[in-house]
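Asker: The listed protein sequences correspond, in order, to chains W and U.
Numbered according to the working numbering, the first sequence spans residues 430 to 789.
Numbered according to the working numbering, the second sequence spans residues 430 to 789.
In short, the hints are calculated from the structure, not lab data.
A quick note: this is a predicted structure, and the numbers were derived from the prediction, not measured.
One should not assume that every hint holds.
If chains are identical, the list can't say which one is meant, so a pair holds when it fits in one copy or spans any two.
[As the list claims (entries may be wrong)] Derived EDC-like pairs (lysine to aspartate or glutamate); straight-line CA-CA distance at most 16 Å:
#1 LYS743 to GLU471
#2 LYS534 to ASP645
#3 LYS516 to ASP645
#4 LYS563 to ASP682
#5 LYS560 to ASP585
#6 LYS678 to ASP443
#7 LYS606 to GLU688
Number of protein chains: 2
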Amino acid sequence: MYNFSPGPGVLFHDVLEYVQMEMLNWKNSGISILELNHRSPEFRSLLMNTKHKLRLLMNIPADYEILFLQGGATQMFSTIPLNFANKNDKVDYIVNGYWSNFAAKEASKFCNVNISNMSNFNDYTICPDQKDLKISSESKYVHYCDNETIHGCEFDYVPDVGDKPLICDMSSNFLSKLIDIKKFAMIYAGSHKNIGPAGMVLVIIRRNMLTNNKNDIPTMLNLVKLCEANSMLNTPPIFPIYVAGLTFKKIFDMGGIHEIEKMRDLKAQKLYNTIDNSNGFYTYRMQPQYRSKMNVPFQLKNEQLEHEFIEQAKVQGFIGLNGHHSVGHCRVSLYNAMTMDGVVKLCNFMVEFSTYRVLC
Amino acid sequence: MYNFSPGPGVLFHDVLEYVQMEMLNWKNSGISILELNHRSPEFRSLLMNTKHKLRLLMNIPADYEILFLQGGATQMFSTIPLNFANKNDKVDYIVNGYWSNFAAKEASKFCNVNISNMSNFNDYTICPDQKDLKISSESKYVHYCDNETIHGCEFDYVPDVGDKPLICDMSSNFLSKLIDIKKFAMIYAGSHKNIGPAGMVLVIIRRNMLTNNKNDIPTMLNLVKLCEANSMLNTPPIFPIYVAGLTFKKIFDMGGIHEIEKMRDLKAQKLYNTIDNSNGFYTYRMQPQYRSKMNVPFQLKNEQLEHEFIEQAKVQGFIGLNGHHSVGHCRVSLYNAMTMDGVVKLCNFMVEFSTYRVLC
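Using the sequences provided together with the hints, build the complete structure.
Answerer: Next up, the structure:
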């Protein structure tokens, strides 16, 4: 099976084998990781090691905290404005796809949202250029989504927002490339793409953002309190944390993020070449400059043909190729654990399918 | 190892073995359960089956919805008042331990909280009797915690609150006894006690509670929306849902909740007898009538002796015996997956330890 799902999706086979191997006896403790109490020294050590690995892997400076929380990225859409803005404050959102739009709408419940890229708002086929961004002078922060999983657009630069805190939803491309953490006030990412199983959101936050301890918001959404409690205000998502740690180790073993990034480029290039060379059998809407290297939505001539494509692919062992239910069509997700071999095989199938159909 | 942790704690060995067995190939799908996409028909079927099993097991009427959410029970402490009360509304809380107190304090951020058992508020060694409860006439709901995990008090009756909706935190004793669901407007329980691994809260809610779609609260805390989306407003906690389903099946195989309840009584009786027969070597604070059958906190003469007890127990393979960090001392948790054999062995150790110490 080659799993091209947008998340939850493919995980490293080595990681899954390791999880299986010690499922009944975690680190020779005599118990399963699923039975490990979060107040035990053993769990504290696991948490510390997992954070440490990520810090090394992503070169995260010492003045940034790492949190592992529940609720996914969608919950962060509320958590962020509730923590960093008051009712009458202004905040900035760059909106160029489903998720950044969702985040902006959620924030508008709690404060005043300015759309920074109003000149090309609603064009979900691009990322706005730096020159298109108009940041409010009194803005409390600027939020954007680095990779729009559904619409398949990915930023090829980090927006310069001056002295405003920059907050980034990196759910679907976190761990896929080297980033300069210092440019960000906060980065967050749902776990079920490149990190591990569903049920967690990873947060990297600069410590000087954690000053406003707002007692009138839900405690479980209070980032100051969550940070003070080292992600353990209540029982944390232990199993996703554990699998994340194994994934981080696997990436180290592969040579680090640098190697991952090289593989990512090769895989994306192969797939886009296949689409570009299909004589319009497969097409995509995204402007080439902003094409995502993680999630590649594309279309065939009509819905019937797309259905056949997805079904025949499934028979051949390629799964997860349907587009998001909000937009339909097809989509290939190329997360870190997808091998080049899998991409080559999929591309071969795409060529065969199109050749056969054109001949029919 | 005998794991007496308060949660996460011991799970059924059969369940863990099954998880291990199909970790690389869930239901012969060719992928791991950790790689399963939540928008796939396969996951929808898993979710439906899991809900169905629980409905049968707990005899949940058709007009109740079942939800599997993130954030744990602590997040529900905010979710409940945000959904069911407005700023100036009154709500009732019965407070007789750490968790019910936490829930009441959290609710007081969002509405007016009346403590229903004011006459014995702060006595964390009892559950208030029905006659001690003074429910406000204009109350939007009454909240209580059926089993206080830290203080070890468990209700032996369901409060009669007239026509007010009754909401119950059953985190630590859910699935341990037969309950009449119809008496409740809503029941919720963190997953990491009797249900499965950490990272989920299970909610059973009467459909007529889901009328107030409040658009000004965080979407991920909006019970109407969560219910409309069948627990899938965003990616749900797939792995805990999967393990919960295996746990429900295991309980069926054991003969259902009725058999679990019988075992529970025997295990608790054995442990309390051991404490009661120790000539004051082990003591507990809870009033006998309200002793929890799930979590048994107890003390030894002094902290040094408690430390030795916990350490020696660990050497013998009994883990998780320390009390909650907020109160100290010792605690034994007797969740469903703990065998009678484990309880007998622990009790034998307790007798040996006390005999040896008394002789010394």
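Asker: Each hint needs a verdict: does it hold in this structure or not?
Answerer: Results for each hint:
no.: 1; hint: LYS743 to GLU471; in the structure: between (42 Å within a copy, 14 Å between copies)
no.: 2; hint: LYS534 to ASP645; in the structure: between (21 Å within a copy, 11 Å between copies)
no.: 3; hint: LYS516 to ASP645; in the structure: both (12 Å within a copy, 12 Å between copies)
no.: 4; hint: LYS563 to ASP682; in the structure: neither (42 Å within a copy, 63 Å between copies)
no.: 5; hint: LYS560 to ASP585; in the structure: within (14 Å within a copy, 67 Å between copies)
no.: 6; hint: LYS678 to ASP443; in the structure: within (11 Å within a copy, 30 Å between copies)
no.: 7; hint: LYS606 to GLU688; in the structure: within (9 Å within a copy, 54 Å between copies)
Hint compliance for this structure: hint 4 is the single one not met.
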